[in-house]
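Enquirer: Chain by chain, the residues run as shown.
There are 2 protein chains.
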Amino acid sequence: MRATLIHGPRDIRLEDVDDPRIQQPTDAVVRVVAACVCGSDLWPYRGVRRLTAPRRMGHEFVGVVEQVGAEVATVRPGDFVIAPFVLSCGTCAHCRNGITTSCERGGAWGAPDRDGLLIDGGQGEYARVALADGTLVAVPGTPDSAMVRGLLTLSDVMGTGHHAAVSAHVRPGSTVAVVGDGAVGLCGVIAAKRLGAQRIVMFSRHVARQKLAMDFGATDIIDQRGADGVARLTELLGGIGADAVLECVGTKESMQQAIDSNRPGGYVGYVGVPAGGPELPIGQLFSNNINVAGGVAPVRTYLPDLLGEVLDGTIDPGRVFDLELPLSEVAEAYAAMDERRAIKSLIRP
Amino acid sequence: MRATLIHGPRDIRLEDVDDPRIQQPTDAVVRVVAACVCGSDLWPYRGVRRLTAPRRMGHEFVGVVEQVGAEVATVRPGDFVIAPFVLSCGTCAHCRNGITTSCERGGAWGAPDRDGLLIDGGQGEYARVALADGTLVAVPGTPDSAMVRGLLTLSDVMGTGHHAAVSAHVRPGSTVAVVGDGAVGLCGVIAAKRLGAQRIVMFSRHVARQKLAMDFGATDIIDQRGADGVARLTELLGGIGADAVLECVGTKESMQQAIDSNRPGGYVGYVGVPAGGPELPIGQLFSNNINVAGGVAPVRTYLPDLLGEVLDGTIDPGRVFDLELPLSEVAEAYAAMDERRAIKSLIRP
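Chains as they are written, first to last, in the UniProt record's numbering: chain A, 1 to 349; chain B, 1 to 349.
Everything labelled a hint here was simulated from the structure, so no lab data went into it.
Heads up, the beta-carbon is just placed ideally off N, CA and C, and yes, glycines get one too.
Heads up, some of the hints might be wrong.
[As the list claims (entries may be wrong)] Selected chain B positions facing chain A (Cβ under 8 Å, derived; list incomplete): (1) Ala-93; (2) Asn-97; (3) Gly-98; (4) Ile-99; (5) Ser-102; (6) Gly-239; (7) Pro-264; (8) Pro-274; (9) Leu-280; (10) Gly-283; (11) Val-292; (12) Ala-293; (13) Gly-294; (14) Val-296.
Sequences and hints are given; from them, build the entire structure.
Expert: Put into structure tokens, the structure is as follows:
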């Protein structure tokens, strides 16, 4: 089959690799229907994160189950499934606590499992899915092309935006600020709205993203950054920062913007993969009771609730995909996101 | 009157200073009945925090109102009152949000108010209290000597321990670890118990403090630190860290101990004044969804609830005072805490 590998900065290649097959009784093999490029894929693409060897790419996909191992009970061949961006067993203490990303037996797409056997990446034609029962979520019926986009967001960005909002303790009536106008930040707007936020302010300088944010439920846009942006926010919110700030980028600057945008006693919910190791300014946090919550989003835990709302049309996060390409053009899918020509690229094998 | 000043490391002096008087219509003058030395007073005492000039000391006291300004409505001469460790107006947006420590008009004991007029410290015979209505809490009747100890903890350590527990999201059934066996950590045990914690593990190497922690509701003591302490904790808790960790020290080492003791998805509630600027390890926090909440405790907000339980004997935090001295021996009150001969020193003018 064909699968995507990264060889170095801006060096994305589609290559012939071994077809996946069932190797553990808890495995499934899934034919990928749609995959996408993640903002975090851009860290190795841009050379921010160093590679020691070529690596299979893709950790967000949906597809159809082709085969299952002897012990798989919850999905069957023919099922349309969503694959969260981390594998998880569903039964260990951390999974039971809802933190599936800390699963004791879990694994990562494009990396070896605990027995050293490669788990395929999602940006390919097929994938071996380890821990299929804990990891995959089956969708009733066969979704159409538009619905596929919505379901695909549940493998990462919608669940991650939701984690930012949950971690930021968004409540009915909350004032919310969102730092990051990428797909996760935009899904954060959807999440904040469904959790009852009264005011949702998006920091964005990009007209198309501003518009989508407003469609998703943002009430205000601020196109300034730094101290000017914070001054505008506090002006909008009657003199104090936001109750809840969603940090959806992961740089030192974006984290500082988020902290500065939070009112004393508020929560910053952060989900941006820390790139370049932002240090948290403990003195500022302490003095102002700024609480910092979040991390790598346990989207598997949120998937059942959010799935229902995607299926019944209550939320439409699939609109974050503004570029759709065949797998053969996967390199362009990366380039378009890197150059901010696309919010998020969808790839169809 | 006589009041305590610090002139430099380990240089505590009792000096004659001006008697306080009403200077603003929102002032009260309080005769101090009991004051105490705070763990954070030890930072300048030890030279960890530099002084540029001699400074009045003490931010925890209880006493009797002598005089009030024309606009003071909630306390009257003769009232026995508790003074929280930060002054607050009670009416600004931050006070209404319960974060009285971020009060827009608030001030600090031993420092100038917004008009440049000194607010006395608490370790003296009398104190001018600015913003008396927002700051002071009156207690019904005249407490006896034992009750004074309990009430005095509400000016800081009991409310601060409670803030650690609230920030750490202690819930009925939570597993809790407490880092720091000083007065705040011990009060954190009381707070965790009253919030319904099922298991409360105290890190302590000090026999008298271990015993008091058990009396207050701790279920287990760990006398190891670092990786050994964390290993013992996870062994006690069935293989994972604590749901909630109370960080009640403020050093880089204690914060790391707290983070390492937290389970994925748990909360570290921290209230130790950061000394030496611990940086938070963002990569570890992110990967494990360790949430860090807390800061300078808004004890004024918690005071009414906790006051009732001290008055009716439900909780007895006054037991943290294991040394009681006249004001004339205030230097010894510091030395005993510095040398860990006392958990907490009470001073009677």
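Enquirer: Does each hint fit the structure? Answer for all of them.
Expert: These are the hints, each one checked on the structure:
Of the supplied interface hints, the one on Ala-93(B) holds, with its beta-carbon coming within about 5 Å of a beta-carbon of chain A, less than 8 Å. A hinted interface residue such as Asn-97(B) counts as satisfied when its beta carbon comes closer than 8 Å to some beta carbon of chain A; here the least separation is about 5 Å, so the hint holds. For Gly-98(B), the shortest C-beta to C-beta distance to chain A is roughly 6 Å, which falls under 8 Å, so the interface hint holds. Hint on Ile-99(B) holds. Least Cβ distance to chain A is approximately 4 Å, under the 8 Å limit.
A hinted interface residue such as Ser-102(B) counts as satisfied when its beta carbon comes closer than 8 Å to some beta carbon of chain A; here the least separation is about 4 Å, so the hint holds. Proximity of Gly-239(B) to chain A holds as hinted, the smallest CB-CB distance being about 6 Å (cut-off 8 Å). Hint status for Pro-264(B) relative to chain A: holds, with the closest Cβ pair at about 4 Å, below 8 Å. Hint status for Pro-274(B) relative to chain A: holds, with the closest Cβ pair at about 5 Å, below 8 Å.
The interface hint given for Leu-280(B) holds, since its Cβ lies 4 Å from the closest Cβ of chain A, which is under the 8 Å cut-off. The beta carbon of Gly-283(B) is positioned within 8 Å of a beta carbon in chain A (closest approach about 6 Å), and the interface hint is therefore held. Interface hint status for Val-292(B): upheld, as the beta-carbon distance to the closest one in chain A is roughly 5 Å, under 8 Å. Interface hint at Ala-293(B): satisfied, since its Cβ lies 4 Å from the closest Cβ of chain A, which is below the 8 Å cut-off.
Annotation: interface hint on Gly-294(B) holds; nearest CB of chain A at approximately 7 Å, less than 8 Å. Checking Val-296(B) against chain A: minimum C-beta separation of about 6 Å stays under 8 Å; hint holds.
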